[in-house]
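> Sequential numbering from 286 applies to the sequence shown in my numbering.
Keep in mind the hints are simulated off the structure, nothing from the lab. Quantities reported herein were computed from a predicted structural model and do not represent experimental measurements. Where hints are given, some of them may not hold.
Straight-line Cα separation of at most 27 Å, DSSO-like style, residue types lysine-lysine; simulated pairs [what the hints assert, rightly or not]:
hint	residue 1	residue 2
1	429	461
2	429	405
3	386	433
4	289	347
5	553	540
6	358	347
7	292	433
8	553	580
9	499	553
10	581	553
11	292	429
12	461	432
13	461	335
14	289	405
15	461	540
16	461	490
17	429	490
18	405	358
19	429	386
20	292	347
21	358	289
22	581	499
23	386	358
Now the in silico label distances, taken between C-beta atoms and shown as ranges [to be verified]:
hint	residue 1	residue 2	range
24	596	507	17 to 27 Å
25	328	481	50 to 60 Å
26	545	346	51 to 61 Å
27	507	347	38 to 48 Å
28	443	550	42 to 52 Å
29	559	525	26 to 36 Å
30	335	548	29 to 39 Å
31	344	525	29 to 39 Å
32	533	299	20 to 30 Å
33	327	449	45 to 55 Å
Ideal placement from N, C-alpha and C gives every residue a C-beta, glycine not left out.
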Amino acid sequence: MSNKIFKTIFFGTPDFSIPCLEMLANHSRINLVHVICSPDRPSGRGLEIKPQPVARFAIENKIPLFQTAHINKEEAFINQLATESIDLIIVIAFSQFLSSKILSIPSLGSFNIHTSLLPKFRGASPIHHALLQGESATGISIQKMVKKMDAGDIYYQSNIPINSEEVFTELYTRLKFQSALTLYDFVQVLAYIGLPIPTIQDEAKVSFAPIIDKTLGHLRFTTTTARDILNKIRALNPWPSTFCFINSHRVKILKARIVYDSVISPGKINISGQKLLIGCADSTLEIERVCPEGKKDMSSQQFLAGLRNQDNLTLE
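All chains should be modelled from the sequences, with the hints used to inform the complete structure.
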């Protein structure tokens with residue numbers, strides 16, 4: 286067993302990165318020599334410039350911080366890093382591609398923490414797509430970075446189940462902390478055993494998770510199964526959210542469930558015992574919570590109580 290302390294550079298920007306950063310900052314075998322993140326940006330209604338979460342953590346914990354919108358153009362800084370005998374680069378939610386020159390700096394390698402079981406769901410939105418596809422499990426992959434997106438060899442993975450009613454915010458939060466736990470295990474393996482034997486990704490099993498477009502939220506009940514619509518409601522909650530138009534008014538659909546004792550024609554609305562039912566391509570959904578445009582979220586019963594004509598509802 287070696288007593289080596291790993292000189293480490295961390296790349297990350299949003300709140301999702303913080304548990305991993307905090308773990309590294311407190312690990313006895315990690316010397317966190319640099320934290321690199323994107324520049325601070327305006328936020329909120331007043332567009333006040335606020336520190337990025339990773340920047341705030343680095344400042345509060347007196348860790349050297351470097352912020353840039355274009356890391357690959359920072360030649361002087363990159364040349365400096367190349368002289369510092371770096372062992373590890375750890376990347377999570379950084380949103381900038383790293384050049385081959387940067388990736389080659391550490392002696393042990395540059396590793397990205399990805400929130401899927403690679404090679405499934407390469408890309409920017411793996412959590413959304415796991416829910417969209419109705420997956421029963423997902424996980425964390427620690428893969429050695431190469432120039433091709435999320436295509437590097439896998440050095441460590443952990444699995445977690447997905448609850449059948451879990452929405453994006455819940456799974457996002459669990460994976461945020463699972464990332465840190467998985468990274469901790471990876472560092473322990475490095476410290477006590479050394480680099481694990483990697484698994485080469487099977488290109489025949491690759492699937493992609495492109496960035497989410499808000500137009501994806503428009504629900505098409507006539508041509509979509511109830512299960513696929515339910516998965517979409519879970520995946521796009523709270524952003525960009527799913528919606529439809531009832532009597533030409535935009536209504537967000539926040540929660541629903543499949544019902545098996547009611548048959549409604551696809552794309553039609555039925556009100557039964559103050560339940561809002563919508564026919565899908567194969568079965569029926571009961572809509573449980575909604576948010577009409579310009580109003581707060583409410584139960585479907587509250588929504589129906591505010592409708593003047595419940596007998597002539599149209600759905601778009």
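> Please go over all the hints and tell whether each is borne out by the structure.
For each hint, the structure was consulted:
no. : hint                    : verdict
1   : 429 <-> 461             : holds (19 Å)
2   : 429 <-> 405             : holds (16 Å)
3   : 386 <-> 433             : holds (14 Å)
4   : 289 <-> 347             : holds (23 Å)
5   : 553 <-> 540             : holds (18 Å)
6   : 358 <-> 347             : holds (25 Å)
7   : 292 <-> 433             : holds (25 Å)
8   : 553 <-> 580             : holds (24 Å)
9   : 499 <-> 553             : holds (24 Å)
10  : 581 <-> 553             : holds (25 Å)
11  : 292 <-> 429             : holds (17 Å)
12  : 461 <-> 432             : holds (25 Å)
13  : 461 <-> 335             : holds (22 Å)
14  : 289 <-> 405             : violated (34 Å)
15  : 461 <-> 540             : holds (24 Å)
16  : 461 <-> 490             : holds (25 Å)
17  : 429 <-> 490             : holds (18 Å)
18  : 405 <-> 358             : violated (31 Å)
19  : 429 <-> 386             : holds (15 Å)
20  : 292 <-> 347             : holds (16 Å)
21  : 358 <-> 289             : violated (32 Å)
22  : 581 <-> 499             : holds (20 Å)
23  : 386 <-> 358             : holds (11 Å)
24  : 596 <-> 507: 17 to 27 Å : holds (21 Å)
25  : 328 <-> 481: 50 to 60 Å : violated (39 Å)
26  : 545 <-> 346: 51 to 61 Å : holds (54 Å)
27  : 507 <-> 347: 38 to 48 Å : violated (58 Å)
28  : 443 <-> 550: 42 to 52 Å : holds (45 Å)
29  : 559 <-> 525: 26 to 36 Å : holds (29 Å)
30  : 335 <-> 548: 29 to 39 Å : violated (52 Å)
31  : 344 <-> 525: 29 to 39 Å : holds (32 Å)
32  : 533 <-> 299: 20 to 30 Å : violated (37 Å)
33  : 327 <-> 449: 45 to 55 Å : violated (39 Å)
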